[in-house]
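J.: Numbering (the working numbering), first residue to last: 1 to 689.
Calculated from the structure, these hints are not laboratory results. Please read these numbers as outputs of a predicted model, since none were measured by experiment. Do not rely on the hints blindly, as some may be mistaken.
As the list claims (entries may be wrong) - Computed cross-link-like contacts, PhoX-like style, restricted to lysine-lysine with a CA-CA straight-line distance of at most 20 Å: (1) Lys613 x Lys572; (2) Lys561 x Lys172; (3) Lys358 x Lys368; (4) Lys358 x Lys488; (5) Lys626 x Lys613; (6) Lys255 x Lys368; (7) Lys148 x Lys102; (8) Lys488 x Lys561; (9) Lys177 x Lys166; (10) Lys148 x Lys98; (11) Lys488 x Lys466; (12) Lys430 x Lys444; (13) Lys218 x Lys255; (14) Lys633 x Lys572; (15) Lys172 x Lys100.
Claimed, not checked - Here are the simulated distance ranges between beta carbons: (16) Ser365 x Lys312: 15 to 23 Å; (17) Pro195 x Val300: 53 to 61 Å; (18) Arg338 x Lys106: 19 to 27 Å.
Ideal Cβ placement from N, Cα and C applies to all residues, glycine included.
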Amino acid sequence: MDIALFATTQLDLLRQEHAAEVAEQTSLITSLPPTSLQRHGLALLNLSVSTQRTGLGGRTVLELEPDLALTTDGKFPSHGLRSGDIVRIEEQPGGAAKKKEKAELKERGVEGVVHRVSESRLVVAVSGGKKGGDDDDAGVEALVTSGKRLWAVKMANEVTFRRMVKVMENLKEIGDKQTATGLTRVLFGLDSPAPVEDVGEINWLDEGLNESQKRAVKFALGSRDIALIHGPPGTGKTQTLLEIIRQFTSQTPPKRVLVCGPSNISVDNIVLRLPPDLPVVRLGHPARLLPRVLAKSLDVLSQTSEAGEIVKDVRQELDSLMAKLAVGGKNRIRGKDRKEGWEQVRHLRGEFRFREGKATRDLVSSSKVVLSTLHGAGGFQLRNERFDVVIIDEGSQALEAQCWIPLLLGNGVSKLILAGDHLQLPPTVKSTSKPPKIAQPKEKRFRIPTSLEATLFSRLLDLHGKDIKRLLNVQYRMHQDIMSFPSKYLYDSELVAAESVANRLLTELPDVEENEDTTLPVLFIDTQGGDFPEAVDSDESKKPSTSSSHSNPLEAALTIKYVRSLIAAGVKDTEIAVITPYNGQLALLSAALRPDYPGLELGSVDGFQGREKEAIVVSLVRSNDKREAGFLKEGRRLNVAMTRARRHLCVIGDGETVKHAGGFLAGWIKWVEEGGEVRYPDVSDVLQT
Numbered sequence: 001m002d003i004a005l006f007a008t009t010q011l012d013l014l015r016q017e018h019a020a021e022v023a024e025q026t027s028l029i030t031s032l033p034p035t036s037l038q039r040h041g042l043a044l045l046n047l048s049v050s051t052q053r054t055g056l057g058g059r060t061v062l063e064l065e066p067d068l069a070l071t072t073d074g075k076f077p078s079h080g081l082r083s084g085d086i087v088r089i090e091e092q093p094g095g096a097a098k099k100k101e102k103a104e105l106k107e108r109g110v111e112g113v114v115h116r117v118s119e120s121r122l123v124v125a126v127s128g129g130k131k132g133g134d135d136d137d138a139g140v141e142a143l144v145t146s147g148k149r150l151w152a153v154k155m156a157n158e159v160t161f162r163r164m165v166k167v168m169e170n171l172k173e174i175g176d177k178q179t180a181t182g183l184t185r186v187l188f189g190l191d192s193p194a195p196v197e198d199v200g201e202i203n204w205l206d207e208g209l210n211e212s213q214k215r216a217v218k219f220a221l222g223s224r225d226i227a228l229i230h231g232p233p234g235t236g237k238t239q240t241l242l243e244i245i246r247q248f249t250s251q252t253p254p255k256r257v258l259v260c261g262p263s264n265i266s267v268d269n270i271v272l273r274l275p276p277d278l279p280v281v282r283l284g285h286p287a288r289l290l291p292r293v294l295a296k297s298l299d300v301l302s303q304t305s306e307a308g309e310i311v312k313d314v315r316q317e318l319d320s321l322m323a324k325l326a327v328g329g330k331n332r333i334r335g336k337d338r339k340e341g342w343e344q345v346r347h348l349r350g351e352f353r354f355r356e357g358k359a360t361r362d363l364v365s366s367s368k369v370v371l372s373t374l375h376g377a378g379g380f381q382l383r384n385e386r387f388d389v390v391i392i393d394e395g396s397q398a399l400e401a402q403c404w405i406p407l408l409l410g411n412g413v414s415k416l417i418l419a420g421d422h423l424q425l426p427p428t429v430k431s432t433s434k435p436p437k438i439a440q441p442k443e444k445r446f447r448i449p450t451s452l453e454a455t456l457f458s459r460l461l462d463l464h465g466k467d468i469k470r471l472l473n474v475q476y477r478m479h480q481d482i483m484s485f486p487s488k489y490l491y492d493s494e495l496v497a498a499e500s501v502a503n504r505l506l507t508e509l510p511d512v513e514e515n516e517d518t519t520l521p522v523l524f525i526d527t528q529g530g531d532f533p534e535a536v537d538s539d540e541s542k543k544p545s546t547s548s549s550h551s552n553p554l555e556a557a558l559t560i561k562y563v564r565s566l567i568a569a570g571v572k573d574t575e576i577a578v579i580t581p582y583n584g585q586l587a588l589l590s591a592a593l594r595p596d597y598p599g600l601e602l603g604s605v606d607g608f609q610g611r612e613k614e615a616i617v618v619s620l621v622r623s624n625d626k627r628e629a630g631f632l633k634e635g636r637r638l639n640v641a642m643t644r645a646r647r648h649l650c651v652i653g654d655g656e657t658v659k660h661a662g663g664f665l666a667g668w669i670k671w672v673e674e675g676g677e678v679r680y681p682d683v684s685d686v687l688q689t
């Protein structure tokens, strides 16, 4: 494969994707009033700064609360901001503000990461400015002292985009100069994978591994360059990776391992399950990490080291000075002395960052296991660091450009272990632009991907074949009937259900009564169209705030009725999830179910990948005379939807419409009609309820 052409194509696709994301956000923010943005989960209005302090990493932390003049209970209204979101804190524009005024307010704002959200507090860790924090110090001072009403606006992640562009530019240079070596040559088919070494007898650290997991571990240890771990739903992929990490670090001499994933949660799940006595460092913004992971984070470890004691002294001095500069602070600095005070803050921040930087570099360099998101591996903490092995979890959900960020670190990596399932959802791509036209080679396996949905995992399978992959084939999640069709259709009938889960039903849960629903592992409620037609709801403002989203009010009512029947039979709301491919349907279901069942989980198919519940209810929505199935044509999306359930799966939809989607869904309906439970509801029963 032509490395330079690959990198050039990726750069084109990345820029198209970034342009689409920015255009969508800009369109929303400039064309809609603040109140509408808040309704769509993109902003939080009417804020005021209650306190400011120095947080982990020397970042300024702002605590914001609702403007008490505009609230009766001191609580925020419903909003969509979550921990880890990138936001911009600005003076809030009026409802009739023009684009120019909004742009001016944006320039005076500051960016940060949401650290914590409660019903009455929004805590934001402000990022450093372009000049080492000076810009944001001045910006924070202006916001805090303005006395104006503020708002928080959700932003696109520019850092990830810039790092992907940078690494693709580096890869293009490698291709242009034909300087690819080692692993890079194998990843582009310039060399074949080296023969796998015999690792001999292994002292298993986890005695609970099954045979397929042990084969995968042996393969990963013996591979000299690449190893793919194919982990279908519920097959213990993370457990397998944990053993691989521990085996590498137990060798003499121990291997140095960098573990990455596309999301913070994918990395945190590994950190939490590693032995507590294994020295590891977790890189990442503290606001984005799970609370239980913070003790392993670089920010916290750097404070508890010897060098951290000096850092702590500087931080205390900073906090003391910031308190005197804060509005309403005790012994507040006033008048012309404030300018000198802020100059001293900037000086102390510089010293803080220098001393903390040295402490963090020492910690990272001495660590044998470092964990980070893929784009986080491009931060300064890993500059010039060398690792023997890079392990990428959830590799089938990551953009390939992201995967190259850790692969091109320092002097290059010699070995890659990639874990995932290419038969589940690919990364989400927003751009609808036409793919770039390039001259492709005749041989399919050497063709350049022209979509960002094409992942490194899939490309390597096409390039080198199944010999570089090992399948985990024992699943510990689903009843064997729930597993049966996905195994047959997607996994060559190789999946088997572990004895502990093969026959378990809802009736085995505490206080669940036995009835016609709770004794079934799989149920299809076929609305047969006609009486259950879909609708198309568009945003009320007719502005580009949301794309049109399908809904089906009567199918929603049928779904709500079924969920209520499960709960009435004793299934706890916390053990049920309702998922659907369409936001319009999700809104109908949420409005009816959330008030009565706060523990019930409702979400999109895409958002539920990697999750599981005792009972899953899926609303397919589509029912129309044209037999248009939309999202339902995507087999990987349906594979995700139907493999989240442990004991009970109920799918509700119009069999006549969705059969025309073909592929996975049509096959599943045929399968359930031949040997499963199918019901045909009467619309009058739904209307009566």
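J.: For each hint, tell me whether it holds in the structure or not.
T.: These are the hints, each one checked on the structure:
no., hint, in the structure
1, Lys613 x Lys572, "11 Å, holds"
2, Lys561 x Lys172, "56 Å, violated"
3, Lys358 x Lys368, "18 Å, holds"
4, Lys358 x Lys488, "54 Å, violated"
5, Lys626 x Lys613, "34 Å, violated"
6, Lys255 x Lys368, "7 Å, holds"
7, Lys148 x Lys102, "15 Å, holds"
8, Lys488 x Lys561, "32 Å, violated"
9, Lys177 x Lys166, "17 Å, holds"
10, Lys148 x Lys98, "18 Å, holds"
11, Lys488 x Lys466, "18 Å, holds"
12, Lys430 x Lys444, "26 Å, violated"
13, Lys218 x Lys255, "15 Å, holds"
14, Lys633 x Lys572, "32 Å, violated"
15, Lys172 x Lys100, "39 Å, violated"
16, Ser365 x Lys312: 15 to 23 Å, "21 Å, holds"
17, Pro195 x Val300: 53 to 61 Å, "43 Å, violated"
18, Arg338 x Lys106: 19 to 27 Å, "25 Å, holds"
This entry does not satisfy hints 2, 4, 5, 8, 12, 14, 15, 17, going by the numbered hints stated previously.
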